[in-house]
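Once you have looked at the hints, place chain B on chain A.
Protein chains in written order, with the working numbering: chain A, 1 to 704; chain B, 705 to 1408.
Derived by calculation from the structure, the hints in this document are not laboratory data. Built from N, CA and C at the ideal position, the CB exists for glycine as well. Be careful, since some hints might not be right.
Unchecked claim - If the Cβ cut is set under 10 Å, some of the chain A residues that face chain B in the computed set are:
id, residue
1, Pro-133
2, Thr-135
3, Pro-136
4, Pro-574
5, Arg-575
6, Lys-592
Number of protein chains: 2
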Amino acid sequence: MIALLSLILGVARADEGMWLPEQLPGLSDELAALGLELPPSQLADPAQDPLAAVVSLGFCSAAFVSEDGLIGTNHHCVSGYLSYLSDAANDRARDGYLAGSREEELWAGPAARLYVVESIEDVTDAVLRRVRPRTPDLKRREQVDAAKKALVAACEAQPNRRCRVASYYGGRTYRLITQRELRDVRLVYAPPYAVGSYGGEVDNWEWPRHAGDFAFLRAYVAPDGSTADHAPENVPYKPPHHLTVATEGVAPGDFVMVAGYPGSTYRYRSAAELRFHAETVYPRKVAVYTELVALLTEEAAKDPEAAARLSSPIDFVGNSLKYARGMLDNFEKSGVVARKEAEERALTAWVEAHGGPHAEALAELAAIEEAERATWARDTVAGWLMWMPDLLGATHTAYRFAVEREKPDLKRDAGYQDRDLARARHRLEAMDHTLWLPADRRVMALLLRETQALPADARVPQLDAWLAAQGGVDAALERLYAAPALAGAEARLALLEMDRAAFEASDDPWVELAVALEAWQAPLRQLEREREGARLRLQPLYIEALQASRGGHFYPDANSTLRVTVGRVEGYAPRDGVLHLPQTTVAGVVEKAGPAPFDAPQRLLDAAPGAPQSAYADPALKDVPVDFLSTLDTTGGNSGSATLNGRGELVGFVFDGNYESMSADWMFDPALTRSIHVDIRYVLWLLDAVEGAGWIVEELSPAH
Amino acid sequence: MIALLSLILGVARADEGMWLPEQLPGLSDELAALGLELPPSQLADPAQDPLAAVVSLGFCSAAFVSEDGLIGTNHHCVSGYLSYLSDAANDRARDGYLAGSREEELWAGPAARLYVVESIEDVTDAVLRRVRPRTPDLKRREQVDAAKKALVAACEAQPNRRCRVASYYGGRTYRLITQRELRDVRLVYAPPYAVGSYGGEVDNWEWPRHAGDFAFLRAYVAPDGSTADHAPENVPYKPPHHLTVATEGVAPGDFVMVAGYPGSTYRYRSAAELRFHAETVYPRKVAVYTELVALLTEEAAKDPEAAARLSSPIDFVGNSLKYARGMLDNFEKSGVVARKEAEERALTAWVEAHGGPHAEALAELAAIEEAERATWARDTVAGWLMWMPDLLGATHTAYRFAVEREKPDLKRDAGYQDRDLARARHRLEAMDHTLWLPADRRVMALLLRETQALPADARVPQLDAWLAAQGGVDAALERLYAAPALAGAEARLALLEMDRAAFEASDDPWVELAVALEAWQAPLRQLEREREGARLRLQPLYIEALQASRGGHFYPDANSTLRVTVGRVEGYAPRDGVLHLPQTTVAGVVEKAGPAPFDAPQRLLDAAPGAPQSAYADPALKDVPVDFLSTLDTTGGNSGSATLNGRGELVGFVFDGNYESMSADWMFDPALTRSIHVDIRYVLWLLDAVEGAGWIVEELSPAH
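Here chain A stands alone, though its shape is the one from the complex (with noise of 0.2 Å):
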């Protein structure tokens, strides 16, 4: 009903949006009546509190939460680095861990980085600078794409910094992100998997929750302050912001925030668009990773070293599964693609009322989108090959920077110039922790019939030739498992350092793999290229022509940059007869205690009884709260933000949504759609009551 009113009215309202800082004092009068209490302008401010103790860890939304650089993110934003830490001995993956003081605080590995936020600069007239009206598709994305790495390298041009210049509503208007990189990340605090995924998958999306979904970090620079590599000598680096804890919690009602880094939404995607989703892509997703989660199961359940090293993939794939599924679930339930084709016709009134360019560019736009689509079953294939079985990834992904190499710095593709360098090295590192040969072999497998099952008018030429030279499927397999090279770290590492002509005549039969792919790809990713110049042109004048038709508000679709979303602790009701509570409690943890996924600590039941009376309980949830519901609009990539009350103060981490708002994605529900949060107050009644964490609990406390 609220949905239908928005709609209707076509304002957004305050809790639908992922709002970029600035716009927030455009937003007062809505914040105000939310109940928050800071001057919206202060909260628009990056360089100021809380904004200024938001970070993130280049996948994950984080914050400082003490003056001696504690991070509190979630337990599933660590998983990368639990795996890491994890050997058959020491099942950090599984049991968590805590550091008894700071000299315990154990390294998270080359890969872990911590990004802070020093400025965000509009940068549109500096990127759009040499582009003309009429400048031709392709050449027009080779000026955007030159002006941006330009502008990244001058800002990394400074030590230790890591730029971006993001793009936002399609293209019409580009900010340039500078970031401080600290390279010493270390784990303070994880519970076991068995209260920080409290559930597993069975609880996953869903609601009621009773996940202690939290971690602390904590970042090291050079004794001198300076950013270092890491090192025992580090010290714990001093953030000039940081977040206090709430010394009320919240309760229903409650305005609360978050301000982090959400993914990718689709909100202004074309209905043709969304229904190709609903009719293909989720439907294909739902048949592979069925296939993928259930090989992986398989795999870890043979060996206790399989498990650590699967878990985390598992997780991951089990996650895109549950997504991709309950994304069609929801579709229907709230009737999105109706939706959708409703707010496409006010669009097409409007564009039809007021004339000028937009019409033609709707329409190119159009066309644009059904070419893709209809070599969408290929390409995803095609990708999936070159991306999930870890080895043939590492091998395409260091043929790639060969090839770029070619080429000066600022000309090579995203993603392979020298600055991705390190990054790409410390994946390749990582993989030790993670590589599984005998679940890679079976994914790989799969993968390799699904591209077979193709129909004729969409194969991988290039692929066909080379699985016909190995002899067929069966026969490839056996020559790039018998003994893969790769499969240490050193000879991946090695791959890096290789030029194009060593890749193109070897006979290693990883590398005649991603060669051959890589000919396929290549002339596809010109194509895509025109294509993305295209865009540049017209989605522009899509947005304007879409923010027009709807008036009010409006907020560029997630891009994996800071935003703020603001809203209220709130239930739902899931379906006719049942409401669902925004709080759920410890006595909810011991009630849904069992086997595994509910597996929970017996020191955790065992000190559960005292919960009510401990100094975290609820006065009128008589209770440590555990988990809490909110309006707000969140999405992956605000894991591990904060959440904030009216006052600016840490009451909880945001960590998933509820299985509703899924579909939020493409379309916000405000009946529906849910975020879900731990409650600072279970965070502190765990490390304190249950894990005897009192120091941490102590460098946390508010009065510290």
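Quick look at chain B alone, frame taken from chain A:
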């Protein structure tokens, strides 16, 4: 929490309790506080409105709802009639039935009966008149049995009466219930299975529920108003009393009550018995019923005729399976064993403090129970064998009639007197509509194998010997099912005419098997009679001690006699973070619609959008309410009971309990035990807006 309090206080709240009507005046204050508007004295009188309108189908409750003998009950209570009325051409079990007028009302078959209470009389003195404190147990049982039979015989000397002496509180009191037996019962309306059992086994025992579990019958009598067998010239029965439909529906918090015939509860069984059920009885039932449901479902899938015949048995066993499973879940969830043990400690404390004969009685009762548990595994499997396969059940029943027929009628075992012959005959005839030999054979095979898996000290020697003589189970099955004469109704009916000698001389394999099993069972029945005599002596002492140790109001266990239960429309919290609201709506029916068992008829889905604007919509829900929850204390047998408001007006029909209510048969939990009712407004909307059955609505309307 509330459960705990009521346990500590030892006082039953009014909404726990299957009250004898005569007890209601003693609950005046509680009833007034809950919202009863009628004088409790009126409610206590089975000869006055509303109780006088309450009737029984023998296995379900029902009520007169018009002056022309229209009867409201549950859809699932008429499923046997619907099977009887179904064949390949007319699948009324699936499609339901609507008589277009009285002329089209369909005779529900020879087994259909309607029982109308004429009087309930305390006959304790008459039953116990000859019993002395030192009477030996077997003798005591015979005296009580003889006295009861004499009372029943005298009562049934009146024409067309069915009488019963019911025992309360384990034999402390007895009541003679005189019922008029109407024999021409016709089907007026039954919704399609997909409405009446919407959600099928998936939703059975669950909330939120959206079943239209109601049906209408009509009782017919001879043109002169006398009781008559079915005949075309019969006319509708004019009941002296009938319920009127409430002009306002129920809302959360409203007073509701149900008068009906709850079957059995075990509220006063010992903790040891409860533990045995939790550890042995229900787990065993789960195992066997799971196999039964699977094999019946397989057979039903093979043939449309099989599907029609097996639909009712599948529902029955499926329901029993879910009940056994749910019982185990709820024992754990509600902590029933611990609560029962606490209750028993209070009893023990009272007994110890009180002195007197109670301690010894409790010890003797415990010894009897223990002896019964020792042979439970054998007795149960053998019992299933003699009951579940249709043809063996029929043969064994007939043989017992033959054996008992050698005694004077009043000396025969209950159930095998002349008065029981007509019912047995109807059952054997009706078997034509439910018997499906391939399924019967598989049930028989399963149970024979179960008997062969019993340990050496728990065998049925007569069965073992017979099987050995056949050459084992497989050979026995071949012989039994080669061409069973009993597959025809005539052959089955002929069994009832055979004398004992003819049975014992027969070489029909069914008869041989029935005779062998009876040879094993007869002496055990004698032992059981002796134990029954002991119980008659001991249980009144046990109940007396229990009542004294608890204090407060006290009601007898359910025993298929007329009871009244009172409470409110109220939801519950099934688990942390979730509230179950007490009402569902037509929008929820649409929300669930999909493949079976949610295959709502298209005509219902078409009418649904108009429900909010219909006369039957609830002002608060803004839709037609479908089902509602109450705190009423009901159990199997209550099905079909009319649900009344505080003025005694019809507001719905109770048809199920929530999942959490199963364990209430052992122990009521005010926080979780809920009854589920179909709202009369859904009944009226379906009849009016979906079925076009305006003439029934007209007959039901309060102004009629």
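How the hints compare with the structure:
1. Pro-133: violated (50 Å)
2. Thr-135: violated (52 Å)
3. Pro-136: violated (51 Å)
4. Pro-574: holds (9 Å)
5. Arg-575: This hint holds: Arg-575/A lies near chain B, its Cβ roughly 6 Å from the closest one there, short of 10 Å.
6. Lys-592: holds (8 Å)
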